[in-house]
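Q: For reference, the chains in residue letters:
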Amino acid sequence: MQFIRHTLLILTRDLRVEFRNKSLLLSMVIFALLFQVLLQISFDAKTEAMQELAPGVLWLPIILAAMLGFSKYGSVEKENDAFAGILISPIDKGSLYLGKLIGNNLFVLIVIATSAPTFFLFLKQPFPNSIGLLIVTLLLGSWGFVAIGVFFSTLAQSSSITELLVPIMIFPLAVPLFLACIQLTEMALFPSIGLGQSIWLLLLIAYNILFTIIPLFLFDLLLEV
Amino acid sequence: MRLDQISLSRDDKQVLHDINMEWKRGETIALIGANGAGKSSLLKVLATLWKPSSGKLIYPDNTIKQWQKNLGVVFPDSFLYDALTAIENLEFYQKLYGGSDRKRLDSLLQAVRLADVATEKVGTFSKGMRQRLSIARALTHYPSYLLLDEPFDGLDVSSRDIVQNLLLQLKEQKTGYILVSHNLDDAMHLCERALLIDNGEITAESRCTQEAFPSFVEQYHSVLKENNHAVY
Ligand SMILES: Nc1ncnc2c1ncn2[C@@H]1O[C@H](COP(=O)(O)OP(=O)(O)OP(=O)(O)O)[C@@H](O)[C@H]1O
Ligand SMILES: [Mg+2]
Numbered sequence: 001m002q003f004i005r006h007t008l009l010i011l012t013r014d015l016r017v018e019f020r021n022k023s024l025l026l027s028m029v030i031f032a033l034l035f036q037v038l039l040q041i042s043f044d045a046k047t048e049a050m051q052e053l054a055p056g057v058l059w060l061p062i063i064l065a066a067m068l069g070f071s072k073y074g075s076v077e078k079e080n081d082a083f084a085g086i087l088i089s090p091i092d093k094g095s096l097y098l099g100k101l102i103g104n105n106l107f108v109l110i111v112i113a114t115s116a117p118t119f120f121l122f123l124k125q126p127f128p129n130s131i132g133l134l135i136v137t138l139l140l141g142s143w144g145f146v147a148i149g150v151f152f153s154t155l156a157q158s159s160s161i162t163e164l165l166v167p168i169m170i171f172p173l174a175v176p177l178f179l180a181c182i183q184l185t186e187m188a189l190f191p192s193i194g195l196g197q198s199i200w201l202l203l204l205i206a207y208n209i210l211f212t213i214i215p216l217f218l219f220d221l222l223l224e225v
Numbered sequence: 001m002r003l004d005q006i007s008l009s010r011d012d013k014q015v016l017h018d019i020n021m022e023w024k025r026g027e028t029i030a031l032i033g034a035n036g037a038g039k040s041s042l043l044k045v046l047a048t049l050w051k052p053s054s055g056k057l058i059y060p061d062n063t064i065k066q067w068q069k070n071l072g073v074v075f076p077d078s079f080l081y082d083a084l085t086a087i088e089n090l091e092f093y094q095k096l097y098g099g100s101d102r103k104r105l106d107s108l109l110q111a112v113r114l115a116d117v118a119t120e121k122v123g124t125f126s127k128g129m130r131q132r133l134s135i136a137r138a139l140t141h142y143p144s145y146l147l148l149d150e151p152f153d154g155l156d157v158s159s160r161d162i163v164q165n166l167l168l169q170l171k172e173q174k175t176g177y178i179l180v181s182h183n184l185d186d187a188m189h190l191c192e193r194a195l196l197i198d199n200g201e202i203t204a205e206s207r208c209t210q211e212a213f214p215s216f217v218e219q220y221h222s223v224l225k226e227n228n229h230a231v232y
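Just so you know, the protein sequences line up as chains A and B, in that order.
Per the working numbering, the first sequence runs over residues 1 to 225.
Per the working numbering, the second sequence runs over residues 1 to 232.
Misleading hints may appear alongside valid ones.
As the list claims (entries may be wrong) - Derived EDC-like pairs (lysine to aspartate or glutamate); straight-line CA-CA distance at most 20 Å:
# : chain 1 : residue 1 : chain 2 : residue 2
1 : B       : K121      : A       : D81
2 : B       : K95       : A       : D81
3 : B       : K95       : A       : D220
4 : A       : K78       : B       : D82
5 : B       : K24       : B       : E172
6 : B       : K51       : A       : E224
If you're looking for bench data, these hints aren't it; they were derived computationally from the structure.
Just chain B, with the same shape it has in the complex:
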């Protein structure tokens, strides 16, 4: 997947400027940036939800449908139906992607520790339960690319561990993901590469290794400081 000079405007406001990036199959990338930097917007472009105002997306198999088929998405909104049960939600999304494999759904529910509430309506779920189900929902069709927008949001410590281990497992199986997180430790441990996004531009890039990462962290902090100066 390649982004070539992508810009995006929403309501006359330029949200993304000339983004160039490459996302190889199986690669795990952390997307770091201050609030309002454009992280979620970039993911929405990648998810084909928003059309960039200029620039080109070059899909791995050249067709948008094939890209959509290979993509799983966890956004702050869960995409779940409150009136349906957990298992019905998963079934719906699996069929939407052309599959029907009940075993897969059961094992996903196991993986996110929701097996015993499988037949309860999502409307009764807590925020963390929805978040975990949303992650399972994104995985029903074995996507090879994943977009994760703050997947740890609302999770307690043990749920965090579950999801972190799930991600490490995916990484091992060569499922690539882009992880948006405000937690730099997560970025470091779960990803191979980190991108810093500031005001809609990618301003820094680093490998997530013990040697390279600290200077990236420093850059991130200086961006945050600048933003604070702008505010006060």
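Isolated chain A (complex conformation):
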């Protein structure tokens, strides 16, 4: 109960600060949209080539917008060393992780909600073969990526690791996630034999569970002196 209350406390703090400043979410959304248009222009999408490229064109703007979020999302805690105020408080630090994960994910979902329709409407992509699979992939993929992102960026904040190293730590760990997302997205977008769909889906789910649960328990140990 305590845990959930503290999670919500962190979440509402971050959302309240963001809606006062209104800078991060807006820049994430605009960045993703512009980046997607840029990709489309540079590939000058022909339909055959697009089958190979489409999953990347859909995902890359989302991933990079999410990265933008990791570095800025927690930055309220940097002013006046407010992060130290959290660290010395008696809360289970797992709730800090979960609160930030949910908030950050909310932002990424909003990015998806704007850039995915753009992908189909303005870039003249054919209607996906399986919209259900696409939505599931987008949801799981973004949750998993945000989970490792929040994990490392928050750890970096409390230790001597500089923030510049965060992407370098995130990307190798995210490779299985990317692979699964790209494969599943391709299956969802275009009619195919759908070989291995359940295996990729399983991988994605396992990855999500792992990277949600582990930091939840690890955080209190890692952030505790």
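With the hints as your guide, set chain B with the ligands onto chain A.
A: Just chain B with the ligands, lined up with the frame of chain A:
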């Protein structure tokens, strides 16, 4: 609270050496020392913000969470959120410690004379206003131990009086605090005991009484003199 042979290194530099001290519940201690002596570092160890490189902290109730719950902290950084209002900041920290008592927050804002700017954003506050709000922030959860790192920093004369009276009141209510200050009069009036810290070691200790304190002050001045000789 007891510190047993605490040492601390930061970036290969030894900041604290074999600190032994006891802090009884309700006891008020002044921590005196030159710039860079290790006062703030010692408070950070006590606040569980920095882990000592050796030695042991023996918490009153044996658990770190219980210690954190009983502790209030005023550091040079205010821990406040600029985008939130004064009252929202206090609410946030009170909830962080599991409480929700709006009356307490209102009376704290009264106590530090910020009641009429309660709904203004902290980003618009002056340094002294932040400092006073930071003190209120540290008190939302009725801590029985307080760490005060130069709480009078940036306060004008009347704000100083307000905070001094607040501390005397806390002392009376048996809230213990460790006060870091460069003002020896404050130490003498607000605390029962004084510790002198020099180069990360506690080198002298004294009761804050008319009889005992002058010789402590002398020791402090000789430390300052030595430091000056080392520099020039
Ligand atoms: N993060 C850090 N990394 C490396 N060294 C540090 C760090 N923080 C403090 N020190 C060193 O520890 C020593 C003690 O610093 P500290 O801030 O505790 O002094 P202080 O007694 O609070 O001084 P002041 O009166 O100026 O506030 C200093 O020599 C400082 O260089
Ligand atoms: Mg200091």
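Q: So, for every hint listed, does it hold in this structure?
A: Against the structure, the hints:
1. B:K121 to A:D81: Since the Cα atoms of K121 (chain B) and D81 (chain A) sit roughly 17 Å apart, the hinted pair holds (cutoff 20 Å).
2. B:K95 to A:D81: holds (19 Å)
3. B:K95 to A:D220: This hinted pair holds, its Cα atoms lying about 18 Å apart.
4. A:K78 to B:D82: Holds - the C-alpha atoms of D82 (chain B) and K78 (chain A) are around 11 Å apart, at most 20 Å.
5. B:K24 to B:E172: holds (15 Å)
6. B:K51 to A:E224: Holds: K51 (chain B) and E224 (chain A) sit about 9 Å apart, inside 20 Å.
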